[in-house]
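Trainee: Residue numbers (my numbering), protein chains in the order written: chain A, 3 to 181; chain B, 3 to 181; chain C, 3 to 181.
Warning: the hint list may mix true and false statements.
Just so you know, same-sequence chains aren't split out, so a pair can sit in one copy or run between any two.
[Claimed, not checked] Result set (SDA-like, lysine to any residue): computed pairs, CA atoms no more than 20 Å apart in a straight line: (1) 175 - 155; (2) 53 - 141; (3) 175 - 103; (4) 53 - 81; (5) 175 - 159; (6) 175 - 50; (7) 53 - 107; (8) 175 - 25; (9) 175 - 114; (10) 175 - 23; (11) 53 - 28; (12) 53 - 108; (13) 175 - 28; (14) 53 - 148; (15) 175 - 61.
Bear in mind the hints are in silico, worked out from the structure with no lab data behind them.
Keep in mind it's a predicted model, so treat the numbers as computed, not measured.
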Amino acid sequence: MNRAESFRLALITGGAASGKSRFAEALVTGTGRPRCYIATARAWDDEMRAKIARHRDQRGSGWRLVEAPEALADALRAVGAEETVLVDCLTMWLSNLLLAEADLDRAAADLCGALRDCPAQVVCVTNEVGLGIVPDNALARRFRDAQGRLNQTVAGQADLAVAVMAGLPLVLKGHLPDG
Amino acid sequence: MNRAESFRLALITGGAASGKSRFAEALVTGTGRPRCYIATARAWDDEMRAKIARHRDQRGSGWRLVEAPEALADALRAVGAEETVLVDCLTMWLSNLLLAEADLDRAAADLCGALRDCPAQVVCVTNEVGLGIVPDNALARRFRDAQGRLNQTVAGQADLAVAVMAGLPLVLKGHLPDG
Amino acid sequence: MNRAESFRLALITGGAASGKSRFAEALVTGTGRPRCYIATARAWDDEMRAKIARHRDQRGSGWRLVEAPEALADALRAVGAEETVLVDCLTMWLSNLLLAEADLDRAAADLCGALRDCPAQVVCVTNEVGLGIVPDNALARRFRDAQGRLNQTVAGQADLAVAVMAGLPLVLKGHLPDG
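Next up, chain A with everything else stripped away, as it sits in the complex (with noise of 0.2 Å):
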C-alpha cells in the first residue's frame, strides 16, 4: 500500500469539542487525492448553524460537498473510486434517525454494508457519549447504547481507529500514517 491507501476505512472518535473533525480533516487531507466531505448535521437552528459554519471555515476549501442527514448509506455508494470521503460524523446521522423514528440497528447494518462495498477510501467521525451519568431520559439512554453499538462495529471493520483527546490521538488499531 502506498501512503495514500494505508487504511481503507478510518473511525475517529472522541468527545464534543475535542478535536476529532479538525484530525479527520488532517488525515483526509494527508492523503493528497480528491475529498469529498459528506455533511450529516441538519441546519435547525442558530446554534446548528454556527456550527456547521465553524466546521466549514475550518476545513477550508477544495472539498466536494454532499449532504446527507439520513441517506448516508446511499450517499457512500454513490462517490468517486479515487475520492477520500470525510463523514462528518455518525452521531449527527443517527440521531437525525432517532428523530425519524427510523430501525436504528437495521438502518447501522445498511450503514456497515455501504462501508464495505463504497468504492472510496473513507473517514468517519463519531462521538463517545456513555461516559457520563446513565441519563434519566430512556431516549438518550437508547441513543447511547445505539452509538456504543455502532461505533463497535464500524471499529471492527475499520482497518484504522483513533480516539482524539484535547487534539491529540490515541490509536486504538492499526498505524496512522507517517508524516
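Go by the hints and put chains B and C onto chain A.
Mentor: The following block gives chains B and C in isolation, referenced to the frame of chain A:
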C-alpha cells in the same frame, strides 16, 4: 506464570455500550479455566430485563451463575480457586448500594479486601461515568465520585487494567495475554 | 534537560474522580523543586468546601498556596521561576468565568499567553466533560465546547499531555519523567 495466570485481578473499564463486557468475557474464556459469572444487575424493570437477557445471550453457555446485587464481597470469598470469575459490573453493584443507602466507602473497602482474599482469578467490569458535564443532581455527583474512587482503588490492586472504547482495548496497566 | 525540567508545561486531563489531581501532584513533587499550588475553586457551598478540604489533605503540606478563581493569568505571571506550579483546575476556572459572564474565548487566549510567559514549570489539571450525552441545557453545551477548545489549545502548547483513567496514565504527548 502460565497463560491462564497471566493476571490475578483485571479491571475492564469503559463507557456504556463500549464493548467492555464482551472484551471481559473473551478474556475470561481465553484462560481456559472454569468460568463463574457474578451478576450484580437487578431486573427491576423491562429495560433491565432486556439488558440482562442480551448479556446472557452474548456470553453464551458454560458459566456458573452467581447473583450478587449487593453481597459481592461474600460472593467473591465463596468462589472456587480453580475458577476464573467475571464480575459484571461494579457500577450496578455500587448503584444498588447507593439505592440501599449503604456506606459506599465502607462497602468499597470491604470489596477490595474480598478481591485480595478471593482464591480465584478475577475480571471486574466497571464504567467510566465522570467524563460528562457535572450532573445537576447531588446524588448523581456523589455516585460518580464514589465510582471514580472505586475504579482507582481496584485498578491500584489489579495487575491488568484496560479501557475499552469502540470495542477496542487501551491497556492502562499490565499486559494482555497473548493470543 | 535534567529531570526537573523534563517538561515545561504539562496538561493532565481526565474525568471526575479519575485520580488526575493526585497524579499531577506526584508529577510536581517528583521535580524536587519548590511547589506552588494555584487553586481555582470557590468555596461557595458545603460540597465545594468538603472537596477543597479533601484535596488539601491529599496533597499534604509544603505547597505555597495562591487562590485565583478568575485571575489565573495574572497569578501565573507572578510565580517564581524556581517553582513548579500546579494549577488545579482549568475547569473550575472556566466555570467561574462562565458564571461571571466573561468572554471565554478571550480569557482562554489570555491564559495561553500567560502559560507561554510564565517563568516557572507548570502542570495544569483539567477535565474531560464532552463524552456524555449532549446536555439539554444550552449553557452546559456552551461550557463543554469552551472546555474542549481550551483543552485542545493548552495541549497544543504543552510538551507533556496525559489522560488519567482509574488513577492510571495514558500518555497523549511527550514522555513521563523517569522514576
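Trainee: Could you run down the list of hints and mark each one as holding or not?
Mentor: Taking the hints in turn, this is what the structure says about them:
no.	hint	result
1	175 - 155	within (13 Å within a copy, 26 Å between copies)
2	53 - 141	between (24 Å within a copy, 15 Å between copies)
3	175 - 103	neither (33 Å within a copy, 42 Å between copies)
4	53 - 81	neither (25 Å within a copy, 38 Å between copies)
5	175 - 159	within (11 Å within a copy, 27 Å between copies)
6	175 - 50	neither (32 Å within a copy, 32 Å between copies)
7	53 - 107	between (28 Å within a copy, 15 Å between copies)
8	175 - 25	both (16 Å within a copy, 15 Å between copies)
9	175 - 114	within (18 Å within a copy, 33 Å between copies)
10	175 - 23	both (18 Å within a copy, 19 Å between copies)
11	53 - 28	within (19 Å within a copy, 39 Å between copies)
12	53 - 108	between (29 Å within a copy, 19 Å between copies)
13	175 - 28	both (18 Å within a copy, 18 Å between copies)
14	53 - 148	between (24 Å within a copy, 13 Å between copies)
15	175 - 61	neither (25 Å within a copy, 24 Å between copies)
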